[in-house]
Every structure is written in structure tokens, then in C-alpha cells.
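Peer 1: Top line first, the protein sequences correspond to chains B and F. In terms of the working numbering, the first sequence opens at residue 51 and continues consecutively. In terms of the working numbering, the second sequence opens at residue 51 and continues consecutively.
Since no wrong hints were added, every one of them can be taken at face value.
Note that identical chains are pooled: a pair holds if it fits in a single copy or bridges any two copies.
Computed cross-link-like contacts, DSS-like style, restricted to lysine-lysine with a CA-CA straight-line distance of at most 25 Å:
| id | residue 1 | residue 2 |
| --- | --- | --- |
| 1 | K226 | K124 |
| 2 | K127 | K226 |
| 3 | K100 | K226 |
| 4 | K173 | K211 |
| 5 | K211 | K164 |
| 6 | K193 | K211 |
| 7 | K210 | K173 |
| 8 | K100 | K124 |
| 9 | K141 | K164 |
For the record, the hints were derived by calculation from the structure and aren't laboratory data. All figures in this text were calculated on a predicted structure; none of them were measured in a lab.
There are 2 protein chains.
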Amino acid sequence: MTTYRHFYVKSHAITSPSINLRDLPGSGKRLDIVARCINAAFWLSYGIRKNVVFHTILHGEPNPPIYIRFEGEKLRKVSPDERSIAIFIGKALKKFREDTEIESTPGVFVARKKFHELLEEHKDKNFYLLDEEGEDIGDVEIKKPFFILGDNVDLLPEEKKLLDDYGAQKISIGEKSYLSSHCITIINWWMDRHEH
Amino acid sequence: MTTYRHFYVKSHAITSPSINLRDLPGSGKRLDIVARCINAAFWLSYGIRKNVVFHTILHGEPNPPIYIRFEGEKLRKVSPDERSIAIFIGKALKKFREDTEIESTPGVFVARKKFHELLEEHKDKNFYLLDEEGEDIGDVEIKKPFFILGDNVDLLPEEKKLLDDYGAQKISIGEKSYLSSHCITIINWWMDRHEH
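Put together the whole structure using the sequences plus the hints.
Peer 2: Rendered as C-alpha cells:
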């Protein structure tokens, strides 16, 4: 049986289908972070991790919140560089429809969805919130994981409260504050090392 | 006393100062890999790792080999996204001079240098070659490290022979083959966790 790994990254990136690929950090409102997180979630030297599902909700203007999901099993043609990943996010934003979820390109899905709806959908899994003050990952038994991370801005108190209501456990990978993409790389590696 | 971490990534990226920022993987000959490796080597959420020195030698056309070094202590103004890092590599290539090392922007140095010259310069350190068949990182005591990685292409037999002559130890972070940038992220994290 495949053990899936879910990652959610809250993003403040723009929800406009016109992304300026020359300025992902600025006018894209740190869309570069999301792109690097997707790289970290999926890529190995010789292929894509098929057991990973990556979720994000973009909270930037002009049309938030927009939910985007990448599924490793179905992903095709995306390259690991930031620009390529951002292009596929742009395609998702272009095909977004208010009333239904769309598969914008193979393995990439886009919909209107709020954070609490996402948690409700996945409540059969265990939520782990990355937090420097959480329990050390070495002391936690991770099962059916749904990892939650912020981008360069912390989650809101009400989001943390909601996670609390859903029984999320705070876990830490160390005292230093790492980039979200680096956290994902480390968690994937940690899981590779400890799953067997 | 600061414990420095050196990383070297062999690259096949182009050595032309005219980099097409829209095509780092293609015409840039995987310059995106170098950019992500530099991101992995230096960035934390709130700053740059000052104890890291990153080395690469670009082996692509038209003017190989060109050596570039990033020093965490002196690095300024570079952002963590691939495009920004590639711009700084482009500036280094523009200021390259055949006869002497140049500091092209703060903390970025460029020179004509071959791999064996780099090893000779750093022979006071311990070379660790990342290799899936090496000794597990958990079983190795890492001191004064100078880590060696390839990009998407393996090192040449003569480079491995040279490393052998310099007493390099093969170390492994697992059975899977990880992206070079992910290896660097994991090694940095591993060192953070085990240095104290």
C-alpha cells in the first residue's frame, strides 16, 4: 500500500492569471516560494515522487482564495525549475472556474476552496504543523501525514486555532527557521529514511 | 571559532555572459541547478549562512572552465530565487578576466581555475564526495568539510580518481538519488543538528 505524503503551503501569491515570470518574488508576491516548495515536494534525480500530493491556497489579489493541488501520480511535463513550475500555476489560474474543480494540466487541479474546507476534506489524515516550538520530528511517530507550512509569513491565529480544533500536532525540525521549501526537502528525506 | 562548510558543485552550465534568463535549463545548460544549489547552501528564513562557501566550476561553452565562488560572509543583495541568483552568475561571467580573480559583486568571485587547482588550494580540508554507494552520513564524523557534488551528470572517472588521490571519502545520504540542491539542504540541516 502506498503511503501518501500531503504537503500544504499557505501562500500570499497573486491570483491573477497574468503572472510576470520576470518578477515572481515582487509582483508575484513570493510565488517563487510556492514554486520551490513544489520542486522540493516532488523531484528526485530520476523522476517524480508519485506518493506526494501538494496543496496550496493562494491568498493574494485580485481573486483570493484560489486552491491549487499537484498530484505526483498524474503530473506530466513540468520541469523542476521555478519558471516552469510558475508557468503551470499560471495555466491553472487561467483555467480557474468559480463553480467547479478543473484539472488545468495533467496532475494540476484548481478550485475555489478555503482552508477550513481543505482541512475538513482531509480529516482522515493527521495534520502536522511545522513550528520551531513543536515537538522534535525525531520524537514523533508520523502516520498518514498532512504537513502544514506557511510561506514567508506565519499562519494567522485563527488558522492555528482551526488546526488545533482538527487535532494538528506541532512538529519541529530544529531551532533554526528554515525556508519552507527546505523544510519539505528535509521532511521528504526524513520520511524516506524512517518509513522502512 | 566558526566551522566553515564548503560545497562544490560541478556544473555543465554555459560560460557566456549572455544568459537567457527565460531558459536556464535549456540554453543555460542547467544553470537552474547551480542557482538552486546556491539557494540551498545559503538561505535561512532570516538571513544568509555566513559560515558557508559555495564553489562551482562551469564547464559549458564557450569559455570553460570558469570558477565562481560565493562567500556567505560577504554576500549582499542576492535574493533566493533562481532568476536573481542567475543574474549574479551572469554578472560574474561578464567581469571574468583571464589573468586574475575578480570580486564581481560583494561575496561573488570569478576566475580561471581547474578542478585540480581547487582541490590543491583546499587540501587542508576534508573532501567528502556525495555518492549513493558511500558510507552513510550517520556513520561518518564530519570535520572541516568540503563537500563535492555533481549536477545532473556524474563526475568524470578522472575527477573521481583525483578526489581519491586527495583522500576524499564517499558519503551517502540514502539509497535514493536526490537533486544536488536537495543534498545540500539536507547536509546543511544534518550539520546544524549534529554540530553541537
